[in-house]
Amino acid sequence: MRRILPNLAASVAVCALLVTAGSAADVIKIGVQAPITGKYANEGQSIDNGVRLVVDQINAKGGVLGKQLEVVTCDDEGAAQKAAICARRLVNENVLAVIGSYTSGATEAAQTTYYRNKTLQTSDGTSNSLTEHKYWTFFRNSFKNSDQATFTAKYLVNEKGYKKIVVLSDFSSYSTDLGDSVAKAIVAAGGNLIYQGKVKSGTQNFTAVLTKIKSMEPDAIYYSGYYTDGGLIRAQQQQLGIEADFIGGDSNDNPDFMKLAGSSAEGTLLINFPTPDFLPYDLAKDFIADYTAKYGIAPSSVWALMNIDGLRAIVHAVEMTKSEDTKVISDYLHTLRDFPGITGPVSFREDGERINTKFNVYEVQADNSYKIVNE
Amino acid sequence: MDIFLQQLVNGLTIGSLYALVALGYTMVYGVMKLINFAHGDLVALSSFVGLTVYTNMFADGGTSIVAVITVFMFTAAIIAVVGVLLERLAYRPLRTAPRLSAVVSALGAGLVIQNSIMLIWGPNMKIFPSDLFPSTIWDINGVVITFTQVMILGTSSILMIALYLFINRTKMGTAIRAVAIDQDAAKLMGINVNKIVMIIFVIGSALGAVAGLFIGIYYRGITFDMGWTYGLSAFVAAIIGGIGNIPGAMFGGLMLGLFNALISGYISSAWAETFTFMLLIIVLIFRPTGILGEKTAEKV
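Chains as they are written, first to last, in the working numbering: chain A, 1 to 375; chain B, 376 to 675.
These are calculated hints, taken from the structure and not from any lab test. No false leads were slipped in.
Quick list of simulated restraints, FRET-style, between CB atoms: (1) A:Ile85 to B:Asn490: 10 to 20 angstroms; (2) A:Tyr195 to B:Phe522: 24 to 34 angstroms; (3) A:Asp56 to B:Ala537: 56 to 66 angstroms; (4) B:Phe650 to A:Pro340: 49 to 59 angstroms; (5) A:Ile85 to B:Lys408: 34 to 44 angstroms; (6) B:Ile642 to A:Ile85: 31 to 41 angstroms; (7) B:Trp646 to A:Pro255: 26 to 36 angstroms; (8) A:Tyr195 to B:Thr649: 14 to 24 angstroms; (9) B:Ile642 to A:Ser263: 31 to 41 angstroms.
None of the values given here were measured: they were computed from a predicted structure. Backbone N, C-alpha and C define an ideal beta-carbon position, used for all residues, glycine too.
One chain only, chain A, in its complex shape (with noise of 0.2 angstroms):
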């Protein structure tokens, strides 16, 4: 006990001074919680890369309100449990938001943490729920599932026109409630559902269900989950000879999904929010040449891009309210409309949501580019 006493006192003493050493620093810290590792790095990279180019950019500039901003990059993996502990982490790191996460999961999981102690978060998650808690901390810089989700329906229904609905989803917060919203969807629209199941994500085998699949002779099948498995269940679809086409929630919008299911992948329809080099805007042929240029490669999918544009949307913030003071920049962020984004104009709904619902279908063709086929 005559030990650890005098070591005790030393390292509460260590504690005090990092602490102050963090709050009278005189920078503005911007954290990052992303997948930087695990199945979604590739998407989780994206939004660390393009947060730091931002930064980097508006460093050189002189900074916000004369500091420099800072990263703080904590990897969740695309867990809830992890996403729990980096919630902690860059709360005890004093960051004034948190761009993040990538998953509707890690996101929800992180979120109370970030409201109890006033951190502004902002996320590409489309859960319905992640916007029911109506924390003041936290804006959505997509959309909503069920926006997505009543889009879908109608093309599936009425434009499409088919006639067998099959419904799959993962067991993740986010795919079990855009898989449930648009199956609510296609019943609202006078569709037939025939069937709605659940595979788990990272299984690799998905025989099992598509083959259960085949007996019912749908002519489409949608999947709500992540590119990861989407591309798997695609490839294995045609190779199990059933004839349905295929169609893709917004996660499965990604490189990989193109590369995992190979030759299958040609015909696949995909709906998501216009992809990078879709968007219209300037700021976006801007953002993406930089950012091709700095990292060699172009931001895997718009969600990087729908981060950067929250992390605009704060940083703007800041600067017309000249504070630093959390409330005060939410309650702006409330009221917030038409900022120029690099995804189209931000504006924020009083519960955090983004207003917009601009979505598009995509047909993969055989070089794996992408066509426009709604409208």
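Got chain A; can you put chain B on it based on the hints?
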């Protein structure tokens, strides 16, 4: 009916991959009474090594039977060397230590391999080229079977029969069985135990490497952390069959594959894992030594 047969084909394919991996667990356990938790990660490593070998040697030349055989041989050889090194560095120093130390060492070795894969090949999913095997598909009365599936079933059956004959019909196999029964007695009979252990690791790792390559070719997407998924399933297969028992591992693997396919097909894929572990518990309650394992059986 054809739906049922299709599920059988699917189940047997994945089952024979489980069986190949399970053999690695069971042989090491049989001889050393050690659960080699790093084995699953060796399987993952082999996928990555195989992909690198292929892209460096044959990427532009297209595929030929020579290319595929070379990739398999080369990868199996590399993984066998890694397996032997693993035994030398992580297990041999602990051979007389309490069993728990060796298991912890195995878990640690698994983490080392997994993280090495991540550091060398990166955390992103890597994707196998689709042209390693011809994409021929046979449709027999509505039951679809692909060339890759035929190769998986064929190769793994040949390997398993060969292994069975090797263990039961050769002098070396007899020595392995002797070491499995009693290491000290085997040593007194002039058997070089270290050599036998090395052979066990060579064979187990090489079989795992073949499974790892097939996983890459069949499913295409490989991640650095996939060893855990396959390792766990194969481990369960080895226990169900009777750990330490070679035919048991084969049987357990095939059975687990079939069981999973039928549960996913007729109940729900959501329940597949739940039922797998329920099966494990039931087997352990009624036959604690596994389905083919007997108290008196020679454990190899």
